[in-house]
Amino acid sequence: MKKTTIKLLCLMLAVFAVVTLAACKKKDIQSGVVTAPPEGEEIEIKGTIKFSYSQGTTEDNRNAANAFIDAFRKKYPDVSVNRDFTASDPSTRISSGDIGDVFYFAEVSAYNYAVTQNALMPLEYWMEVLNIDRGDVFTGIFDAGMINNHLYYVARDFNQILFIYNKDAINSLGYSDQVYPDWTWQGFLELCEQISDSEDYYGATMQLNYAPVFIPFLEAYNGRGKWFSLKNKTVDLTSGDTLRALKEAIEACQQGYLNLGLGGDFGRKESVFNFLVYPSINSTAQTYDQKSVDWDLINLPLFEHPAFGAGSSGVGVYNRTSNPGAAAAFALFFYTQEGQRAFNGQTGGSVPLLASLKDDDFWKHPEDAWADKNWEACVYKAEDYATVGQFACLLPPEISDLINNNITSVLTNALNGKAALEDGMEQLQKKVNEKWSTISNG
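Going by this note's numbering, 344 is the number at position 346 of the sequence shown; the sequence numbering is gapless.
Honestly, the hints are just simulated from the structure, not real lab data. A quick note: this is a predicted structure, and the numbers were derived from the prediction, not measured. Just so it is clear, CB atoms sit at the ideal spot from N, CA and C, and this is done for glycine as well. Be careful, since some hints might not be right.
As the list claims (entries may be wrong) - Here are the computed distance ranges between Cβ atoms for each label pair: (1) K428 - N129: 44 to 54 Å; (2) A367 - Q252: 31 to 41 Å; (3) A369 - R132: 28 to 38 Å; (4) P179 - T114: 34 to 44 Å.
Unchecked claim - Only pairs whose alpha carbons sit at most 20 Å apart, straight line, appear in this in silico EDC-like list of lysine to aspartate or glutamate: (5) K379 - E302; (6) K267 - E249; (7) K245 - D263; (8) K44 - E126; (9) K433 - D399; (10) K429 - E396; (11) K289 - E268; (12) K356 - D134; (13) K245 - E420; (14) K362 - D58; (15) K73 - D131; (16) K379 - D180; (17) K231 - D141; (18) K362 - E336; (19) K165 - E197; (20) K379 - D131; (21) K245 - E424; (22) K267 - E188; (23) K371 - D287; (24) K245 - E302; (25) K165 - D175; (26) K371 - D357; (27) K245 - E188; (28) K224 - D141; (29) K224 - E432; (30) K371 - D359; (31) K231 - E424; (32) K165 - D292; (33) K433 - D421; (34) K165 - E188; (35) K165 - D366; (36) K428 - D234; (37) K165 - D294; (38) K356 - D180; (39) K224 - E302; (40) K416 - E246.
Work out the full structure, taking the sequences as your base and the hints as a guide.
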């Protein structure tokens, strides 16, 4: 009896060990490399995939995701999509190996999942095989997904910084002819100063230490991407006219007509122009409506080198997927007209990221009281002026974190007169370049 019991225990332990090892063994990493089929033939997309969409905990977000899945399956009827709408941390699920074949995350996490955790499959080869038109995707959004010359992240929507403004105030003050799409930064500053001469209003509010706002200010007079070099692994935050627009904004704040979200005395006055992105329009506009205040939208004013900070959230393909073809097709379906219409045509969607859809009405509240608002401001010259709006999408994480963690104090000290902007930015530049040198040589 004792021997039988021991044998049974040994057998159970052996079975447990086999099952545990099988469960813990991760699938092979997919390279993302695929060869195009012969001319006239299409690559076969079929099987089952799981879509982990942690934003699917609300009805609106589920509606957008379900509409997208339905449109995808209409194009690829041989693919089944298992919906995983639980709120969960992708990092934890990557470690356990139960993350979906395609999973959701914000663009600022792309480097972490692609490089640090080595969890994403490159998609540029699949773009070619699936005939995805890269040129139709707004550059400021597409580039956020490019890491080390590979496409790891696919955006689901497009959000560039813009203004919602008190149209009643502008009309009553007689400045309606000064608000138009091609207005300039200098003209905007003059308008803000004029508005601030009134008893009830000051010019505008914009959060200058917010990266999608801050980055275009760095590029305002020097041009896009001139302030950093991935090749040399350095930043240049002080030379030429890099600081000119920042200094102009700080001076306007000190004079009381531009609120930079860093302090200042604006009394009981209300801001006429307020920065936001598309997902925030609904709540802000409802506040105006409740006060019976007419409002509208307008793009940010144009610098000498115009740029609007753009952001998004989206998806990537888990590089241990057992169905790379279907997973890649699903993720890249966000870069098709069918996918964009399906997802961003729902209340849980946002602005389409394709230039070919910017003039369509499906995302512009076509059937309600807001149909006549200037929705074009959300995509105004996005194919030319939208720029990557997050440091984390441009620089290594240690460098982007260092900049993000120091920008507020540098700007606040300059605003309060504690330290000149040039001195603060020079010190930050030194810190960043020393850190970059250390991690590059380490």
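Ascending list of hint numbers which this structure does not respect: The structure conflicts with no hint, since it agrees with every one listed earlier.
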